[in-house]
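Undergrad: In case you want the letters, here they are:
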Amino acid sequence: MTKELMKGNIAIAEAAIRAGLQAYFGYPITPQTELLEWMSARMPELGRAFVQSESELGAINMVYGAACTGKRVMTSSSSPGVSLMMEGLSYIAGTEVPMVLVDVMRGGPGLGNIAPSQSDYNQIVHGGGHGDYHTICLAPSSVQESIDLTVLAFDLAEKYRAISVVLTDGSLGQMMEPGELPPMQPLKTKFSDWAVSGTEGRERRFLSSIYIDPPAEEVINLRLLRRWQQIQASEVRYKDYYLDDADFAVVGFGSVGRIALSAVRTARAEGIKVGLLRPVTVSPFPTQQISELATRVKGILVTEMNSGQMLDDVNLAVAGKVPVEFFARLGGVVPFPDEILAEIRRMATSDLKLEGHPRDRWLARMAA
Amino acid sequence: MTIAETLVYSRPKSFTETQSHYCPGCTHGVAHRLVAEVLDEMGMREHTIGVASVGCSVFAYNYLNMDFVQAPHGRAPAMATGVKRVYPDRVVFTYQGDGDMISIGTGEIIHAAARGENITVIFLNNANYGMTGGQMAPTTLPGMKTTSSPNGRDVETMGFPIRAAEMLSTLDGASYVVRRSLHNPKNIRMAKKAIRTAFETQVRGLGFSMVELLSSCPTNWGITPGDSLQWIEDKMVPYYPIGDYKVSQMVADAKI
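Going line by line, the protein sequences match chains A and B. When we follow my numbering, the leftmost residue of the first sequence carries the number 1, and every step to the right adds one. When we follow my numbering, the leftmost residue of the second sequence carries the number 1, and every step to the right adds one.
The hints are simulated quantities; they were obtained by calculation from the structure and are not laboratory data. Glycine included, every Cβ here is placed at the ideal spot set by N, Cα and C. Heads up, a few of these hints could be off.
According to the in silico footprint, chain B covers these stretches of chain A (three or more CB under 8 Å from chain B) [claimed, not checked]:
(1) 15-25
(2) 49-57
(3) 207-215
The list that follows gives simulated cross-link-like pairs (lysine to aspartate or glutamate, EDC-like), each with its CA atoms no further than 20 Å apart [claimed, not checked]:
(4) B:Lys-13 to A:Glu-203
(5) A:Lys-298 to A:Asp-244
(6) A:Lys-190 to A:Glu-96
(7) B:Lys-13 to B:Glu-41
(8) A:Lys-190 to B:Glu-46
(9) A:Lys-190 to B:Asp-89
(10) A:Lys-188 to B:Asp-89
(11) B:Lys-13 to A:Glu-200
(12) B:Lys-192 to B:Glu-233
Derived Cβ-Cβ restraints for the label pairs, each shown as a range [what the hints assert, rightly or not]:
(13) B:Gly-243 to A:Leu-46: 37 to 45 Å
(14) B:Gly-222 to A:Pro-44: 47 to 55 Å
(15) A:Glu-339 to B:Asn-62: 58 to 66 Å
(16) B:Gly-43 to A:Glu-180: 45 to 53 Å
(17) A:Gly-201 to B:Gln-19: 26 to 34 Å
(18) B:Gly-222 to A:Gln-232: 50 to 58 Å
(19) B:Gln-19 to A:Met-184: 48 to 56 Å
(20) A:Ile-220 to B:Gly-116: 32 to 40 Å
(21) A:Pro-28 to B:Thr-132: 33 to 41 Å
(22) B:Gln-19 to A:Trp-194: 25 to 33 Å
(23) A:Trp-194 to B:Ala-254: 35 to 43 Å
(24) A:Pro-44 to B:Gln-249: 21 to 29 Å
Please work from the sequences and hints to get the whole structure.
TA: Next up, the structure:
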């Protein structure tokens with residue numbers, strides 16, 4: 001395969017098709033719409049299911065129905081649309097059927113705007129829908145990684161009967177970069193022993209998230225939790241850059257991780273021994289890796305396009321072992337590498353504190 | 001002299017032996033049985049996937065002996081769409097009450113019908129939310145007392161009932177939309193015939209079909225089962241007339 005120039009949203013759509021996607025259901029929303037448009041042409045052309053639903057509620061419940069057959073199914077949306085899908089995601093998690101969701105994040109809360117943001121982190125990583133459940137959440141930082149992680153998302157969803165989310169944003173979705181698509185996989189023809197299909201030649205099956213007897217629901221809750229432990233033990237993915245001899249570390253995911261890498265390289269050229277840890281799975285979170293990092297650096301800078309939603313997870317991992325600093329742009333504003341570089345320089349040259357909260361110090365610096 | 005025994009009545013294969021949780025006098029059991037009889041007669045039990053909804057019929061899958069999935073409140077037509085689009089050769093149906101289908105699930109049912117989704121909807125209208133204890137539903141009659149309209153439904157503040165069959169019949173995608181009632185044997189036989197036609201519509205790939213069934217709820221109406229059936233005839237049928245609201249030319253031509 002050769003590389004071709006592709007928009008992030010379209011790369012994800014075509015990667016999903018090549019990963020053996022059998023049904024897509026979605027609703028238009030900027031900055032995700034090209035993904036739906038691509039599906040609307042390609043899926044029928046390949047004889048696969050495509051429906052533009054009446055709403056995101058409709059889309060996620062069409063996904064729910066198709067997921068109950070064990071076929072490969074996905075939807076995509078952007079932040080406000082993903083909020084509407086939370087009901088369905090909770091039911092899907094409770095029914096333990098696999099699916100893939102692509103969230104091309106935009107500025108919020110509310111209608112917000114259509115610019116890139118990372119403010120769905122909590123909604124995806126720490127729940128959103130009701131009840132105890134976790135999603136597997138993959139955060140690409142380039143068009144190529146968007147392709148690779150989309151394929152992985154299907155495999156992980158099936159392996160763990162779980163929801164896989166590809167958490168991207170308006171900049172990654174809209175930008176064009178060269179990428180290499182995987183070969184076309186054959187469609188699944190054999191389905192798991194829980195999947196509904198009609199009872200011919202077997203006992204009937206039903207799929208539900210209702211366990212009216214609380215002790216029975218507790219069994220399911222514990223099963224989901226133990227499966228999550230297994231995911232945490234086996235599926236943490238991250239990229240590290242220049243961390244071997246680093247005095248300082250930056251932690252950022254997705255497009256901000258990529259911008260931070262530019263800043264780290266410039267800082268290295270200036271002689272600052274700084275590296276980057278970029279979580280690829282923000283859920284399961286690389287807690288142990290960050291905890292270990294905290295034992296060998298003098299300070300950690302967390303940078304995000306939200307008000308520190310991942311910062312809370314980094315703080316839990318660092319557990320006060322080393323000072324943590326924070327820098328963010330909000331509301332759809334994308335940071336420049338120079339802004340992050342300035343924060344790295346400040347971290348490398350100032351007296352870092354363990355007291356107080358990094359978010360408070362950041363807000364105080366902004367006010368000054 | 002030997003007497004030849006002819007079996008004239010038995011449990012359909014599509015009906016499980018599980019004792020139902022429905023109140024005495026409730027017509028959900030009748031509706032379940034009609035669906036089971038029709039699927040047996042069509043030989044489709046093993047090729048059917050049902051979609052249960054939220055409300056009194058939440059446990060429909062315990063009583064109907066086939067593959068089933070369970071939808072969130074109101075979302076059954078969307079879930080059925082997902083199943084049907086990946087298994088176009090299976091029979092897919094939803095079984096929904098009035099609170100589920102025409103209140104919280106209004107968007108899903110209208111668009112499933114508008115798309116001409118090739119599914120069948122069995123819609124029980126008993127003019128209230130049964131499972132939560134008899135609150136006002138979109139189908140509650142003007143003046144009717146419920147636990148959330150204690151002085152009777154005042155249309156000035158609570159609006160008017162929705163006639164679902166009439167509304168869906170305006171959509172080009174809907175092929176077979178009718179209303180029947182379960183209040184006496186004659187109407188039950190008519191209901192069964194309509195359910196058969198609805199499933200035949202789907203099997204022939206003719207598009208969306210829906211059978212609305214006027215249904216009793218003695219517990220929440222606060223009257224006896226017998227009086228409830230009379231109440232359907234006296235009060236519900238005049239507001240919700242029994243009839244064929246949409247029979248597309250293709251369905252009519254099929255002479256089911």
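Undergrad: Run through the hints listed earlier and report the numbers of any the structure violates, in increasing order.
TA: none
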